[in-house]
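Protein chains: 4
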Amino acid sequence: MIYSETPIDVRYAETDKMGVVYHANYAIWFEVARTDYIYKAGFSYADMEKAGIISPVVDLNIKYKQSITYPEKVIIKTWISHYSPIRSIYSYEILNENREVVSTGSTTHVCLKKGSNRPIRLDKSFPEWHEAYMKIHEETEKGIDRKL
Amino acid sequence: MIYSETPIDVRYAETDKMGVVYHANYAIWFEVARTDYIYKAGFSYADMEKAGIISPVVDLNIKYKQSITYPEKVIIKTWISHYSPIRSIYSYEILNENREVVSTGSTTHVCLKKGSNRPIRLDKSFPEWHEAYMKIHEETEKGIDRKL
Amino acid sequence: MIYSETPIDVRYAETDKMGVVYHANYAIWFEVARTDYIYKAGFSYADMEKAGIISPVVDLNIKYKQSITYPEKVIIKTWISHYSPIRSIYSYEILNENREVVSTGSTTHVCLKKGSNRPIRLDKSFPEWHEAYMKIHEETEKGIDRKL
Amino acid sequence: MIYSETPIDVRYAETDKMGVVYHANYAIWFEVARTDYIYKAGFSYADMEKAGIISPVVDLNIKYKQSITYPEKVIIKTWISHYSPIRSIYSYEILNENREVVSTGSTTHVCLKKGSNRPIRLDKSFPEWHEAYMKIHEETEKGIDRKL
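Protein chains in written order, with the UniProt record's numbering: chain A, 1 to 148; chain B, 1 to 148; chain C, 1 to 148; chain D, 1 to 148.
Among these hints, one or two may not hold up.
Same chains, same names: a pair is fine if it fits in one copy or spans any two.
Derived lysine-lysine pairs resembling DSSO-like cross-links, with alpha carbons at most 30 Å apart [unchecked claim]:
# : residue 1 : residue 2
1 : Lys113    : Lys65
2 : Lys113    : Lys40
3 : Lys40     : Lys50
4 : Lys114    : Lys73
5 : Lys124    : Lys65
Keep in mind that the hints were calculated from the coordinates and are not lab data.
Could you put the whole structure together from the sequences, leaning on the hints where they help?
See below:
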């Protein structure tokens with residue numbers, strides 16, 4: 001797969017009274033990691049928004065295998081597990097300092113025109129981005145394993 | 001089904017620059033709603049923790065159908081969609097002011113001894129709670145529709 | 001003083017690994033309470049934003065006297081400690097279930113035209129709101145004690 | 001002064017519908033920066049907690065001069081503006097990418113025995129930490145300017 005690795009230093013604010021990272025914060029980390037993936041692939045989510053397009057999460061899944069504590073450092077491994085011009089799925093693994101997978105997850109995204117919420121095709125609005133993701137998709141199909 | 005309804009007033013802090021509620025905050029609302037469900041069923045998650053048992057989320061799923069804005073008031077409808085003494089699934093619908101379902105989700109929970117992370121059976125540790133949830137399960141099977 | 005009281009149920013998500021409410025969350029509660037104060041005074045911050053005016057916090061102060069735990073219920077007492085058409089200060093007390101003051105704070109606000117960040121006078125843009133706050137100011141000067 | 005500089009990449013989750021970073025999040029950044037200051041000074045807040053001592057914020061002040069947007073990168077400059085064995089004040093400046101000061105703030109801390117909330121003197125409980133902070137205090141008095 002074509003993946004990125006994004007380091008995250010756990011913040012004290014992210015813990016709860018169970019003594020571990022509060023579960024909703026994983027979704028925030030996924031977003032940080034996804035933004036980093038996009039950046040390493042040569043694009044920018046902020047620029048997409050500046051062009052009047054938003055890409056909200058329409059589906060979120062997280063599995064919690066082992067808890068994460070403060071002050072751990074974790075790595076979010078991110079890859080695209082499904083791509084079409086109208087819908088993308090990013091998948092994630094959270095690795096602890098021993099590179100054990102302590103959580104997995106995925107987020108599904110569409111692109112919408114800001115304001116009207118009209119669906120947008122990535123190949124029409126951001127053809128270079130589409131080309132890059134098609135290439136990543138093809139490489140993944142061929143079994144290529146590459147870190148962005 | 002045997003369900004609770006929990007009103008939530010959207011907080012400004014819960015929005016993001018897309019102008020709508022940030023997606024990770026739905027998981028926080030689910031927790032508020034789940035706590036309310038448990039309370040209305042006659043129990044208390046805080047008391048469970050005081051007894052040295054925690055009940056972390058091991059699986060989270062959220063589908064986002066329509067965005068939620070500030071200052072909307074929403075209702076979280078909560079019910080138990082699966083119950084066994086070792087694993088419970090709570091399901092949720094978020095209703096807007098027109099009672100349209102704008103989001104759905106579920107959280108899966110186990111009970112663990114705090115510290116050791118040893119699994120706990122609800123029927124052994126909290127027999128009354130187990131009885132109440134078995135009764136809710138049976139009523140649900142019979143097609144009874146009742147608000148807690 | 002002319003004050004409002006806003007009940008807040010502590011959310012589990014608001015705690016940290018110290019076992020108490022994380023200190024930054026008090027600022028979120030102040031905002032919930034301020035919005036409630038404005039509403040009880042007959043106005044709406046959301047409507048102000050719809051009219052293209054924002055009222056950001058320019059100064060925040062919080063004193064933490066006693067910690068707050070989950071699942072406490074607290075009350076935020078809110079009043080206007082300074083008002084002029086260009087700058088308002090809201091003051092807050094957080095009361096626990098025994099009505100002991102466990103925290104105090106204040107937030108200073110200006111009004112700005114959204115986008116340009118040009119300062120706005122409340123008496124010019126929202127004359128009724130200005131009148132109501134002037135009346136509250138006068139009542140406060142006279143030592144009147146009244147709950148909104 | 002003896003200071004640290006901590007880079008922060010603004011997270012999308014940290015913005016609100018005003019389109020800028022939500023004001024309460026600055027307090028979280030101050031904590032990230034303070035932890036980094038302590039680390040660069042040779043110590044660890046997490047180790048303090050492991051030894052059964054907590055150091056809560058008892059006073060928080062933040063001034064907001066210019067808003068911060070996504071996806072900015074900011075730097076938190078942190079220094080100790082007051083030190084005694086029973087009370088420390090950390091001061092902060094948030095610098096934007098042009099190194100303009102867009103916000104300033106401070107947090108006051110005491111040390112408490114976890115559980116009993118009995119005050120702890122740093123010179124008794126962590127003598128090396130006390131020595132280091134006394135040295136920093138003396139250097140600051142002498143007008144020494146040094147980055148940790």
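message: Are any of the numbered hints broken by this structure? If so, which, sorted upward?
response: none
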